[in-house]
Amino acid sequence: MTTYNLLQNYWWLIMSVLGALLVFLLMVQGGQSMLIHYGKPDKRALLINSMGRKWELTYTTLVTFGGAFFASFPLFYSTSFGGAYWLWMLILFSFVIQAISYEYRSKPGNIYGARFYDTLLLINGIVGPVLLGVAVATMFFGAEFTVTKSNILNVQAATISQWGPSHGLEAIACWKCLLFGFMVFFLARTLASLYFINNIDDDEVNKSQHKLLLVNAAVFVVLFLATVAVILTASGVGYDDSGNVQWVPMKYLKNYLAMWWALVILLLGVVMVLFGIGKTLWKADYRSGIWPAGIGTVLVVMTLFWVMGYNNTAYLPSLLDVQSSLTLRNSSSSEFTLTVMSVVSILVPFVLAYIAYCWYKMDHKKLTSDELNNTDHKY
Amino acid sequence: MEELINVVDWSRAQFALTAIYHWLFVPLTLGLGIIVAVMETIYLKTKSEKWLATTKFWMTIFGVNFAIGVATGIILEFEFGTNWSNYSWFVGDIFGAPLAVEGILAFFMESTFIAVMFFGWKKVSPKFHLAATWLTAIGASLSALWILVANAWMQYPTGCEFNPATMRNEMTSFAAVALSPMAMSKFFHTVLSAWALGGVFVCGVCGWMMLKKRNYEHCQRSLKVGAWVGVIGIVLTMVTGDTSAVTVAKYQPMKLAAMEGLYKGNHEQAIVAFGILNPSKQAFDDQDPYLFDISIPYGLSFLATHDFKAFVPGIEDIINGVSYDSEGNEINTVSYAERMERGRQVQDMLSQYDAAMRSENRVMVDSLKNAINTNFKSFGYAYLEKPEEAIPNVPLTFYTFHFMVTVGGYLLLFLLLALFFVYKPDILNKAKWAKWWYILAIITIPLTYLCSASGWIVAEVGRQPWTIQDLMPNKVAISDLSAGYVQITFWIFAVVFTALLIADIGIICKQISKKSQTDLDTIKD
Chain A
37 MTTYNLLQNY
47 WWLIMSVLGA
57 LLVFLLMVQG
67 GQSMLIHYGK
77 PDKRALLINS
87 MGRKWELTYT
97 TLVTFGGAFF
107 ASFPLFYSTS
117 FGGAYWLWML
127 ILFSFVIQAI
137 SYEYRSKPGN
147 IYGARFYDTL
157 LLINGIVGPV
167 LLGVAVATMF
177 FGAEFTVTKS
187 NILNVQAATI
197 SQWGPSHGLE
207 AIACWKCLLF
217 GFMVFFLART
227 LASLYFINNI
237 DDDEVNKSQH
247 KLLLVNAAVF
257 VVLFLATVAV
267 ILTASGVGYD
277 DSGNVQWVPM
287 KYLKNYLAMW
297 WALVILLLGV
307 VMVLFGIGKT
317 LWKADYRSGI
327 WPAGIGTVLV
337 VMTLFWVMGY
347 NNTAYLPSLL
357 DVQSSLTLRN
367 SSSSEFTLTV
377 MSVVSILVPF
387 VLAYIAYCWY
397 KMDHKKLTSD
407 ELNNTDHKY
Chain B
2 MEELINVVDW
12 SRAQFALTAI
22 YHWLFVPLTL
32 GLGIIVAVME
42 TIYLKTKSEK
52 WLATTKFWMT
62 IFGVNFAIGV
72 ATGIILEFEF
82 GTNWSNYSWF
92 VGDIFGAPLA
102 VEGILAFFME
112 STFIAVMFFG
122 WKKVSPKFHL
132 AATWLTAIGA
142 SLSALWILVA
152 NAWMQYPTGC
162 EFNPATMRNE
172 MTSFAAVALS
182 PMAMSKFFHT
192 VLSAWALGGV
202 FVCGVCGWMM
212 LKKRNYEHCQ
222 RSLKVGAWVG
232 VIGIVLTMVT
242 GDTSAVTVAK
252 YQPMKLAAME
262 GLYKGNHEQA
272 IVAFGILNPS
282 KQAFDDQDPY
292 LFDISIPYGL
302 SFLATHDFKA
312 FVPGIEDIIN
322 GVSYDSEGNE
332 INTVSYAERM
342 ERGRQVQDML
352 SQYDAAMRSE
362 NRVMVDSLKN
372 AINTNFKSFG
382 YAYLEKPEEA
392 IPNVPLTFYT
402 FHFMVTVGGY
412 LLLFLLLALF
422 FVYKPDILNK
432 AKWAKWWYIL
442 AIITIPLTYL
452 CSASGWIVAE
462 VGRQPWTIQD
472 LMPNKVAISD
482 LSAGYVQITF
492 WIFAVVFTAL
502 LIADIGIICK
512 QISKKSQTDL
522 DTIKD
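Protein sequences appear in the order of chains A and B. Numbering follows the numbering used here, in which position 313 of the first sequence is assigned residue number 349; successive positions increment by one, without gaps. Numbering follows the numbering used here, in which position 102 of the second sequence is assigned residue number 103; successive positions increment by one, without gaps.
Derived by calculation from the structure, the hints in this document are not laboratory data. All figures in this text were calculated on a predicted structure; none of them were measured in a lab. Any given hint could turn out to be false.
Unchecked claim - Across the chosen pairs, the derived CB separations fall in these ranges:
1) 251/B / 411/A: 49 to 55 Å
2) 295/B / 40/A: 58 to 64 Å
3) 173/B / 414/A: 47 to 53 Å
4) 363/B / 297/A: 54 to 60 Å
5) 284/B / 380/A: 55 to 61 Å
6) 346/B / 148/A: 54 to 60 Å
7) 295/B / 191/A: 39 to 45 Å
The beta carbon of each residue, even a glycine, is placed where N, CA and C say it ideally should be.
Next comes chain A alone, as it looks inside the complex (with noise of 0.2 Å):
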C-alpha cells in the first residue's frame, strides 16, 4: 500500500470518528424531540438547559464533518451537496433554526415567544436526525450521478457531477434511507433519555425519561436490527488495483467477514449500547447509562463507515453509472494536502482532551430547578 493510500484510509478513519461523534451528539436533537412530552414550563425548562449546554457541540462536530470531508474528499462535498440539494438545505435549514432557539426562547423581546423557538428546536429535534441518517445511507445504497471531470472544459455545461433532476429528493422517499434515518432518530431520542436521566436531578423528569426510554430503545433496536440486516444484504460497489469497479452482492457482509476486527468492535459496540439501556431499565439508581452506551455508539459508527469506505468499497456508489463511484482513491485530496491535514489532525487528541475535562467540570454538578433560579444565564 503506498503513502497516498495510508493517507487516504487515515483519513477516512477520521471522517469515521467525526462522523461517530456526531451521531452520539444527536442526543441533543433526541431530546429537543423529547419536548413534546413535557407541558410544565419548569420540566421543560430543565430539559432545555441540559442540551442548551451541549447544542454547540453537536452543531461544531457537524460543521467539521462537513469541513472535513471538503479538505479530504472534495469530490464528496462537490457531488453530494450540490446534487442532493434539497435533501441537505433541508438539514441545513434545521438546524439553522436550532441555532438561535436556545439563546432567544427566553429572552424578553424575541418577538415570537417562547413556545415558537420551543416549535423550531421540535422540528430541528426530528428532522436533523431523520434526514442526516437518509444523506448517510445514500452512502450505503447509492444515488443517482455522474462524475466526468473533463466537463469543466465544456464552456456551456461545465459542471462535471451531475444529479437526478428531484435532486436529494429521492432519498427521502426511499424506504431504506428512511429506515436508516428513523434508527439514528430514535437512537437519538434513546441516548437523550440516558444523558437526562444522567444529566438531570429532578425525580419528576428521571421517572419520566425511564419510560421513554423503554419505549424508545425497544423501538430502536427493532429498527437497528431491521437496518443492520438490510445493509449487510445489500450490494455495493467493488473496485480492483487495476481500476476495474463493479457492483458486488453483499459487499458489506463480506467486508465485515473480511475485516474481522471491524465486526468485533461492532458486536462490543452493541453490547456496550444493550448495557447502558438495560442496567439504566434495570437498576434505578444507575445513572451512568450515557457512557456505555454513548462509546458503543461510536464504536458501531465507526464501523460502519469502514465497511462503506475500506476493503476497495465505493463510499458512494453510482446508480446511473458506476463507474462514477466514489472511492478513497478517485475522489481525495492530494497526498500532500492529506499529509498537510494528518500534521494538523495531531491536535485532535488535544481538542477532545479539553471538551472532555470542560464537560466534566460543567457536568459534575447536576442540573437542578434550584440552579435554574439562581443562575443569570439560563434558556
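Given chain A, put chain B in place with the hints provided.
Below, chain B without anything else, positioned relative to chain A:
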C-alpha cells in the same frame, strides 16, 4: 445559456445574501468578545463587583449576537458544496484545508469555552472562567483567520499547481496559502475593523443610556474599555487598509482601477476624494468617467505603491496589457485578448492530455503537462466571450470604496473624541450639546455596520467575474441545478434570516433597555 446565467445570478444572490447576513453579526462577536474579555480581566484584577456587573451586561448581548452568527455561518460553509460544486472540486484540495483547520482548531474552542463562559461562573474557578472567556474570543478570531485565509486564496491563488490528471488545482505549499500577503492583510484589516465596530457599539449603547440618564458609572466603565478597543481597532484598520491597497494594486489591479473608476492610468496618478461617476461611461468610449470629482494629486500612486510618481494602470490599460515601470519604460504585460487565447490553448491541451494518458504516450503527457502549467494562469480567460467581461461593476465598487474610506475617517475622529471624553467627562457633563453627542454615538452604530459591509462589497464585487482570480469565473463554478431551485432557497433564506434579524434586534434592544433600568452602580464592592 440564459438558464445558466440565471443559475449563476441566483447562486450569487444567495451567497451574497447569506454572507451579508452573517457579516452583520460576526464583527460584533469579534469586537465585543475582546471587550468582554478585557472587562472580566479588570474584574479579576480589581475584584470589583461593579466590573463584574458591567462584564455580565455586555456578555449577555454577546451571547444573543453569537447565536445568530453561528446560525448564519453554517449555511456559508455548506453552500460551497450545494451551490458551487464545480468550484469545490476544482480547488477543494486547497480551499478545504483552511475550513477543516477552522473546524478543528477554532470552532471547538469557541463552542466548548462559550458554555463555560455563560454557565461556569459558579462551577469553575475565576481564573479558569477568565481563561474560558479569552479562549472564546480567541477562538472567534482564529475562526476568522482561517476563513479569511480561504477567501484571500480566492483573490490571490498561490501555493498550488494544476494537475491535469485530476483536473483540479492541488496544494504545493500550505505556508504560501496560509501566510500569503493577501491573507495577512485581509485578516488583520477585517478583525481589527471588527474591534472598531465593537468599540462603536459600546459607545452607541452607552450614549443611549446616558441620554436616558441611566447607569452613568457603568457607562463610564464600559466606555473606558470600549473606546480604547475602538481607537486601537480603527487606527490599526487604517494601517492595514494601506497594506491592503498595496496588495490589491499588486495582485488585483483591475479591482483597484474599479475602486477609483480609473479607465486610463497615469504616472503621478491622483486619487478621487469625492466624485460622481458618469453613468454612461463604458471602457474605450473616450467619455470622461466622472461628472464631478475632487481629487488629491499623487494620491493613488502613493496609495498603490508608496511612490508618488508611480504609474497606476486603469481598466483600459489592464485590458490592453500596458503598464510602465518606475523608470517610465513601457512594460507589455499580457493583454486580456492574449490571455483568452492562451486559456483556450490550455483547454485544447487538456483535451489532448486525456487522450495521451489513455494511449500511455509519456513523452506527449510530459510535454503537454509542461505547456499547460506554463499558461495555466490564463486558464479562466478561456471562458470569457470578450475582454470587457472581466471588468467588475465599477459604480458599485467605486461608491462603496469611497463610502468605506470616508466613514473610516469619521470613525477615527469619533472614537478619539469618545476616548477624550472618557478621561475628561466633565467637559461632556457640563456641555449643553452633550445630548447631540449621545445621539451621534447612537447613529454611528448603523453607519459603522454599513462601512463594514461596504468593505466586503469592495472586496467581492471588485474581483468579479472571478470566483478564483483569473482561474475560474462564476459561470463555471456552479452546481448542476435549475434556477428555480436556487430561487426557492434564496427566498426561504431571505425570509428566515430577516425574521431572525428582527428577533435579534428586538432581544438586544430589550436586553439593553431592561438591564439599563436596573441600578448597576449600587452593587457594593
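Hints and how they fare:
1. 251/B / 411/A: 49 to 55 Å: holds (53 Å)
2. 295/B / 40/A: 58 to 64 Å: With a Cβ separation near 60 Å, residue 295/B and residue 40/A satisfy 58 to 64 Å, so the hint holds.
3. 173/B / 414/A: 47 to 53 Å: holds (51 Å)
4. 363/B / 297/A: 54 to 60 Å: violated (41 Å)
5. 284/B / 380/A: 55 to 61 Å: violated (45 Å)
6. 346/B / 148/A: 54 to 60 Å: holds (58 Å)
7. 295/B / 191/A: 39 to 45 Å: holds (44 Å)
Of the hints listed earlier, those the structure fails to meet are numbers 4 and 5, in rising order.
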